[in-house]
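Chemist: Here the protein sequences line up with chains A and Y, keeping their order.
Anchor point for the first sequence: position 128 equals 128 in my numbering, and the numbering is continuous, going up by one each time.
Anchor point for the second sequence: position 26 equals 26 in my numbering, and the numbering is continuous, going up by one each time.
One or more hints might be untrue.
[What the hints assert, rightly or not] Subject to a maximum C-alpha distance of 30 Å in a straight line, what follows is the list of computed DSS-like cross-link-like pairs (lysine-lysine):
#1 A/Lys283 <-> A/Lys196
#2 A/Lys65 <-> Y/Lys336
#3 A/Lys83 <-> Y/Lys93
#4 Y/Lys433 <-> A/Lys65
[What the hints assert, rightly or not] So the derived label-pair ranges between C-beta atoms look like this:
#5 Y/Leu558 <-> A/Glu26: 40 to 50 Å
#6 Y/Gly477 <-> A/Asn422: 18 to 28 Å
#7 Y/Val344 <-> A/Gln389: 30 to 40 Å
#8 A/Glu289 <-> Y/Gly477: 48 to 58 Å
#9 Y/Gly474 <-> A/Asn422: 26 to 36 Å
#10 Y/Leu489 <-> A/Gly424: 15 to 25 Å
#11 A/Lys124 <-> Y/Lys93: 46 to 56 Å
#12 A/Gly424 <-> Y/Val344: 37 to 47 Å
[Claimed, not checked] Calculated from the model, a selection of chain A residues having no Cβ within reach of chain Y, i.e. all distances over 10 Å:
#13 Ala18
#14 Glu26
#15 Tyr73
#16 Asn79
#17 Met87
#18 Pro96
#19 Glu109
#20 Lys124
#21 Glu186
#22 Ser219
#23 Glu294
#24 Leu308
#25 Arg342
#26 Ala357
#27 His359
#28 Glu392
Since the hints were made in silico from the structure, they are not lab data.
Note that the Cβ used here is the ideal one computed from N, Cα and C, for glycine as well.
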Amino acid sequence: MTINPDEDLIHLAGVRKAFRAPDRSERTVLEGVNFRLREGEIVALLGKSGSGKSTLLRIIAGLIKANGGDVLYRGRTINGPAKGIAMVFQSFALFPWLTVQQNVELGLEAMAVPSAEREDRALKVIDVIGLGGFESAYPRELSGGMRQRVGFARALVMEPDVLLMDEPFSALDVLTAETLRSDLLELWQERQIPTKGILFVSHNIEEAVTMADRVLIFSSDPGRVKAEIPVNLSHPRDTEAPAFKAIVDEIYAVMTQQPQRAAGSPAEPLSLGYRLPEATPHKIEGMLEALAEEDTGTADIPILAEQLELPDDTLFQLLEAGRLLGFIKVDHGDVALLPAGRAYVNGNTAQRKEIFAEHLLHHISLATHIRRVLDERRDHRAPENRFLQELEDYLTDDEAERVLELVINWGRFAEVFEYDYNSGVLSLPEEDEPAASEGDASAAE
Amino acid sequence: MRQRIIPPTISFTPEMRPNAWDLAALPLVLGVLWLLAFGGSQMSTPYNLGDPLPMSLDPGSLPYYLLRSFLRMAAGLAASLLFTVVYATLAAKSRYAEKILVPILDILQSIPILGFLSITVTGFIALFPGNLLGVECAAIFAIFTSQAWNMTFSLYQSLRTVPHDLAEAAEMYHLSSWQRFWRLELPFATPPLIWNMMMSVSGGWFFVVASEAITVSGQNILLPGIGSYISMAIAAKNLTAIGWAILTMLVGILIYDQLFFRPLVAWADKFKFESIPGEDIPSSWLLTHMQRSKIMRTLASLPGLAWNASLPLFRRRHDGLGQPTRSVRSYPWMDKAWNALVAVTAAYALIRISDVVRVEVGLPEVLHVILLGLATALRVIVLIIIASLIWVPVGVWIGLRPKLAQTVQPIAQFMAAFPANLMFPVAVILIQKYNASVEIWTSPLMILGTQWYILFNVIAGAMSIPTDLKDAGGNFGLKGWLRWKRLILPSIFSSYVTGAITASGGSWNASIVSEMVSWGNTTLMATGVGAYIAEATQKGDFPRIWLGCCVLSGFVILFNRLLWRRLYRLAEERWRID
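The task is simple: from the sequences and hints, build the whole structure.
Modeler: The structure is reproduced here in structure tokens:
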């Protein structure tokens, strides 16, 4: 089969995106991304947070420019928001001072569609999407689900070829999301909407498998398409069916799989600027305890997800945190408790803190680094900005702040260092300060 | 009931027939229009410097003077709004403009406006020779300078903080920059802008009163208005006339509030980005009335039509496909060249000003004026402390009683709007009668008008202490000083800082009129930079006015940088309730 870019709705080849940091160094977010969206397809993008899937969606939307590679819509380069492409936002992004109808008409108004036609088209879409009767309501009068319906109506009224959706259901509760999802699928299958292809970002594996014909899995740092999993199931899909579960299992396995290292290389070296997963010590503890309750100390990840009632992305963060700290092992969609993890669960509060501290200082190089600096300084104190600046060499400002805050949180839990919010100063816990330091202090006075 | 917006389209249907609401609304609007036209025509009568302007102390002419003062205020506000939109948009949209416009704005808002009045009035008179409009413009300019800066800052801040997702949606749905401004940026900025307009106007009455009686080159010009009426009453030692003027001012402020700001605030409520459940929705009898009147609705939709027509005219013409339509590239050398240009211009201006001051005034006097500045600074500090000690407990006491607070809050805001300079003659009489110290007893005048900002901000802060915190405090038996230290003071801190900043800024400005006060032919002068400026203004001594104003601005900027900005940051980070 020959690939003809003109036949694809969206065609990406070798797309690269890097953001320029204030110090003029570059951070690559996307590297060598190839992707095609064909007519009649729904494609889902999955990946850890920060893997660049939202960035990719925005490049296709024309909101962000790629630094390299081809970005084509029906064979033409995308340089800005194109007429045939519309987007639905995670936060709905409705204008609170406009009524439902005015919000829906926004894009038409911008393109100077005559007001009679505008109204006609808007009312039709409002009706189809199930908002009839709410035309004159303001967004603040509507529930979350209804608001996102306005978001959909605003996109669909443009009669887009391609509908982009950035985690469209993640701000909704489970039931509302379910209803909205099936309503959208119904419109799509019954061809009530002129849209020819849908591309959506999701953090929910089950959602992706329910809707998509293909699931693309992104790896992070830099973002790349790591795997592509076709979903050849007929609609409506039964989430309890074995074939469905098999696909979900496969995706979990791919997403938790470690990047392949050269044979014989030591356990992955963790750089100072490693993007540590967002997980509180108490949540990690909860996960370890849940694992310990299994007789074998192992569990299938989808089952663990159900048991802990956590969203997929939260669970992935927990799993990564547990793995980085050396408490668990993740392999082919299974989690297993390591001896250290078992010892942690069996310990009392003091022993748990001790184990956590030991693993934190051993495995997380940022924590090791902070502790070493504090040990070496005469007054055993250091401002947080010192570490923040170091992190900013590797991460964006926001990420650097988040990672440092996280490590401070872990370090406080493990009682390996203390932190004062008002002054922004890190210090050693008093009982850890070597006796010599008191002599130093008095000598200084 | 939520307020409905006025639909932007006209449909000529039976609904157009006048209804009962029209009966009342129409005469009201026509009357206001006639007053505007009449007052406006009076503003541009022939006038030459030295001509006497007919003024009388007859209380019967006060409504007319009030109308003239009103118009000045309205003109100042309109000018401020225009300036705000142009300046803030430029600063927010252009990287180069931003670099100079924002610092300039920062300086402008700490410059004592009153000191410059006699400088600007000469220019305006030259602009309209032989016409009263020149003097009117000078007074309006003074009012403008007292209102524009905080409005501009507010709009600039809003434009910079437009929610990212809405900006993306606007981009995605092909809004051009013109459409984005009207559909997204301006609506988003409206509620804070209107709040700042209210603050501006309430501060502006003080300047209306102060700017109507202008001294230029030894000539006293009295523009017909409440302020001039007061100056005449002071010169004639007529206490009854002052009483009438105070009463008229009270009525005037009330009218402005009811006919202008209430409707505006109620209307702007729909632009609020996030609504807090349980919060009172502002309402206005006038707005409700207008929205029920069909003729008014039709009239109000006319400007909307023109605006609607403009949207498609300025639409985006390109599709975003194919070749890029424009390339945005930044050249590092251009940044550097721009910075250098700004730096050179600033240095040149600094050298010129210091030259003039050194030649005309001399260094010893500069040091003397700085000492005078210290004297005024001492007054401001002591007064803010005293006002805080009084109004913080009172404000908290009121704020913790919601029913009472709802009655007191509008009164406090009203008091803040009331031009305190109307009360100055009373102080002079008292000081003379009891032979009290001028240095001490003229000082309270500085804070007479501005202390209310502390009060109503503290009330607002105390009202917004979360109920669960109060309950928890009660549950754990927090009492007395511990309750203040752990619950009340931290909760009201940021509101208090906001109020105190406004109060201190206003007090600096007021020093020019309050350190030198008169009654008939008695003039009391305290030691301070305010009195120095006032004296130089009377003599028309421009270099000394410049020097005084520079020193005063310097102190204000120093205060803002060293004290208020830090406190504000502390309030934002440490004592924020979220």
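Chemist: State for each hint whether it applies.
Modeler: Each hint tested on the structure:
Restraint check for A/Lys283 and A/Lys196: the C-alpha separation of about 42 Å exceeds 30 Å, so the hint is violated. For the suggested pair A/Lys65 and Y/Lys336, the alpha carbons sit about 26 Å apart, so the restraint of at most 30 Å is met. With a C-alpha separation of about 26 Å, the suggested pair A/Lys83 and Y/Lys93 falls inside the 30 Å cut-off, and the hint holds. The straight-line distance between the Cα atoms of Y/Lys433 and A/Lys65 is roughly 77 Å, outside the 30 Å bound, and the hint therefore fails.
Between Y/Leu558 and A/Glu26 the CB atoms are about 42 Å apart, so this pair conforms to the stated range of 40 to 50 Å. Range check, Y/Gly477 to A/Asn422: Cβ separation about 27 Å, and the 18 to 28 Å hint holds. Taking 30 to 40 Å as the suggested C-beta distance range, the pair Y/Val344 and A/Gln389 conforms, at roughly 33 Å. For the pair A/Glu289 and Y/Gly477, the supplied restraint of 48 to 58 Å is violated, since their beta-carbon distance comes to about 37 Å.
Taking the beta carbon of each, Y/Gly474 and A/Asn422 are about 27 Å apart, inside 26 to 36 Å as hinted. Between Y/Leu489 and A/Gly424 the beta carbons are some 23 Å apart, a value that agrees with the proposed interval 15 to 25 Å. The beta-carbon spacing between A/Lys124 and Y/Lys93, approximately 37 Å, falls outside the hinted interval of 46 to 56 Å. Between A/Gly424 and Y/Val344 the C-beta distance comes to about 38 Å, which sits within the given range of 37 to 47 Å.
With a minimum CB-CB distance of about 16 Å to chain Y, A/Ala18 clears the 10 Å threshold, and the non-interface call stands. For A/Glu26, the requirement that its beta carbon stay farther than 10 Å from each beta carbon of chain Y is met, with the minimum near 16 Å. The beta carbon of A/Tyr73 is not kept farther than 10 Å from every beta carbon of chain Y, the shortest such distance being approximately 6 Å. The claim that A/Asn79 is not at the interface with chain Y is violated, since a C-beta of that chain comes within 10 Å of its own (minimum 4 Å).
At roughly 5 Å, the least C-beta separation between A/Met87 and chain Y is not larger than 10 Å, which violates its mark as non-interface. Against the 10 Å criterion, A/Pro96 falls within the reach of chain Y, whose nearest CB is about 6 Å from its own CB. Non-interface call for A/Glu109 relative to chain Y: violated, since the shortest CB-CB distance, roughly 6 Å, does not exceed 10 Å. No beta-carbon of chain Y is positioned within 10 Å of the beta-carbon of A/Lys124; the least distance is around 18 Å.
With 10 Å as the threshold on Cβ separation, the claim that A/Glu186 sits away from chain Y holds: the shortest Cβ distance comes to roughly 25 Å. Listed as a non-interface residue, A/Ser219 keeps its Cβ farther than 10 Å from every Cβ of chain Y; the least gap is roughly 26 Å. Remark: the non-interface label on A/Glu294 is consistent with the geometry, its nearest Cβ contact in chain Y lying 40 Å away (cut-off 10 Å). For A/Leu308, the condition that its CB be more than 10 Å from all CB atoms of chain Y holds, with the nearest at approximately 28 Å.
Under the 10 Å C-beta cut-off, the non-interface status given to A/Arg342 relative to chain Y holds; the minimum distance is some 40 Å. Remark: the non-interface label on A/Ala357 is consistent with the geometry, its nearest Cβ contact in chain Y lying 29 Å away (cut-off 10 Å). Under the 10 Å C-beta cut-off, the non-interface status given to A/His359 relative to chain Y holds; the minimum distance is some 33 Å. Once the 10 Å rule is applied to beta carbons, A/Glu392 is consistent with being away from chain Y; the minimum gap is 20 Å.
Hints 1, 4, 8, 11, 15, 16, 17, 18, 19 from the earlier list are contradicted by this structure; the remaining hints agree with it.
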